[in-house]
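K.L.:
With these hints in hand, go ahead and build the complete structure from the sequences.
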Amino acid sequence: MIYFDNASTTKICESSLKYINEFSVNNFYNPSSIYKQGADNKKEIDAVKSIIAKTLGVEFKDNIIFTGSATEANNIAIQGSIKKNFGKLLFTEGEHPSVYNTASYLKNKGFNVEFIKLNKNGEADFDDFAKQITENTSFISVMHVNNETGAINNLDKFIELKKNICPNAIFHSDGVQAFGKLKYALNNDIDLYSISAHKIYGPKGIGALYIKNKNKINPIIFGGGQEYNLRSGTENIASITGFKGAVEEISYNSDNVKAIRDYVIKNLEGDFKINGNGSPYILSISYKGINGETIVHMLEENNILISRGSACSGSKVGNRILSSMGLPNDYVKGSIRLSFSKNNTIEEAKIVTQKLNECVSKLKGM
Amino acid sequence: MNENVIILRYGELYLKGNNRSYFENLLIKNIKRALNSFVFSIKKISGRYVIYGFDTMLFNAIIGKLKKVFGLVSVSPAFEIKTNIEEIKNRCKTYAKCLEGTFRVTTKRADKKFPIKSDEFSAIIGEVILNENENLKVDLYNAKTNITIEIRENGCTYILTKNIQCCGGMPVGSAGNGLLMLSGGIDSPVAGYMMAKRGLKLYAIHFHSFPYTSVQAKDKVVKLKSILEEYAGDIKLIVVPFTKIQEAIHINCYEEYMITIMRRMMLRISEKIAQKFHCTTIITGESLGQVASQTVESITVTNNVVDQLPVLRPLIGFDKVEIMKIADEIGTYETSILPYEDCCTVFLPKNPVIKPNVKKAVTEEEKFNYEYLIEEAINNIDIIE
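Taken in sequence, the protein lines are chains A and B. Residues in the first sequence are numbered consecutively from 267, following the working numbering. Residues in the second sequence are numbered consecutively from 419, following the working numbering.
Note that these hints are calculated values from the structure, not bench results. Source: prediction; values computed, not measured. Treat the hints with care, since some could be wrong.
[Said to hold, decoys possible] Lysine-lysine pairs mimicking BS3-like chemistry, simulated, CA-CA at most 30 Å apart:
#	chain 1	residue 1	chain 2	residue 2
1	B	Lys641	A	Lys277
2	B	Lys461	B	Lys641
3	A	Lys630	B	Lys785
P.N.:
What follows is the structure, given as structure tokens:
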């Protein structure tokens, strides 16, 4: 089987599994317990946080919390930051549903929420951002790497403008598709940055949120006060150490996936467009006049797993992100996403490209 | 405080004269099947069933299952005790502590040997209850709690306070077997529910067009089948591979007639499958005028290919909102609206014909060897138990 759906999730690595096993069976103790075994696990959590902080290019100063997912991290980042007197909140139209739907929820609650358009490359349109940002802006969320197109937003550029116009606004970025893949030291003016383990060969069910200043954020769930009172619930020591296993294996060597991506693009046939051109790990393709979902199932029959590019099948629901990029409707429905990992090979890329071309050619005749 | 038995009432079966025992046996069988995950016993007392010997912790779960057994009109939780005046009084005393507001007591005395007349006994028990709980008041016309004391000839007395409505209808299986065309939409599960309620044991047929439709679309139909099974008992789901037929229609036939031809193919296959599984009727969720393929003219042209069996369309006169309401009540709606493409939306023509005619449909079908494809599809069905 060929797995080209790594932006969805990845296969867990051996070292993650080793830690999960160790901290599920031998060192399973509650990190909040006051005996030594508990205290040791608490120290272990801090050690993992230090490693993550280092990978983010920041100093660890109790500024990272673990969450049950990046979705939860994004929710805490946004909902935990909200104050009654907030001015404008700016989000991009390319955000993952965990950010976009939270923003829509706040808009429905009466907050002044606006969305920044995407340019044709899938990046948040900087001119539109410049037009929409005001002195009254209180919160900005710009995702780092788009999960559907791989488009990369130059966060530093957005932050620079923000510093000039509304220096006190909180700046959040969803870094799920960037962390561990795109080498980037967090800009000192990023307030909140969300990451996930299972996109980088770690376990599912564990995410983390970098929080520059804990005083600016409130908990959204309440309980025993774990994670500096910002994310109550017994610390998931097994998954946290599993996260460590994944982080320890980060290499930033993307030559292999770049070669795969380039090969596929070079050898594709049919009437298609490539959406965005950023992360080498993600390739979004839109075919004119055929159904992306059918392509996914045809490849599935050939033991090739990819994902469709549109959020939902059928003619009723389109794709928010691709439409926002200005992709015509007859291409939107024909969208698929290939996403690669360090485990993929050029040989796999050759098979996938050939099968993909065959499917497209058959469907074109339908 | 949990009651220790459940009394089950059935109504329409009474109408069936000499066939009554046949219907009753089916009903008992269906009750036992609905409760097959519980430990319990069942007995019959003059025109009712009584369920006993179950774990009272599971009371609500059992009632929930019974409410979905067609043929049952209502059920009542009850206390079953030996007919003994003191014991009845004691039980009512305990019960009085749980009551609030107003109440009335009604005694039904089937056992005429019981020494106290019904009204008199009701008054005695009423007094016992009032003495036990001074906050209560008697209200004979609009009481919050109606306590019924049934003194039976078998030496048992039942004390009951609730009457829970069930679905009614006829025991599943009493009307034979029917093949439901189950698409995954809102209507067809409701159609199946309605015909099962009238006693048909259901088989279901689904047309699967992988890779144009997804595994999720099929799983959705399997899920709908399992929801329907809560009412209709076990349903065999026959999944027909339909991809080649759809492709052939798409390549060969006039676009406006695609849906008409597709429906005709589905009905042809359904009739053959129905006969194979000894079903004496085909059930569809069609509702007049809802879509282009459900006009009188369209139904005439599609119905034309079914030679032997009646096609039942229980929703023909229903509005969409009425169908949605039933779907919601029986629990299929939420699953039906999951957004997976089904075979009816693949290759959707821009302007499907609203008033097709048989002659034109036949001409279109002659453009490809559908008989071969139908046979091939039937030979490759997948049966999901």
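K.L.:
Are the hints correct? Go through all of them and say.
P.N.:
Here is what the structure says about each hint:
no. : hint                : result
1   : B:Lys641 x A:Lys277 : 29 Å, holds
2   : B:Lys461 x B:Lys641 : 34 Å, violated
3   : A:Lys630 x B:Lys785 : 21 Å, holds
The structure shown violates just one earlier hint, number 2.
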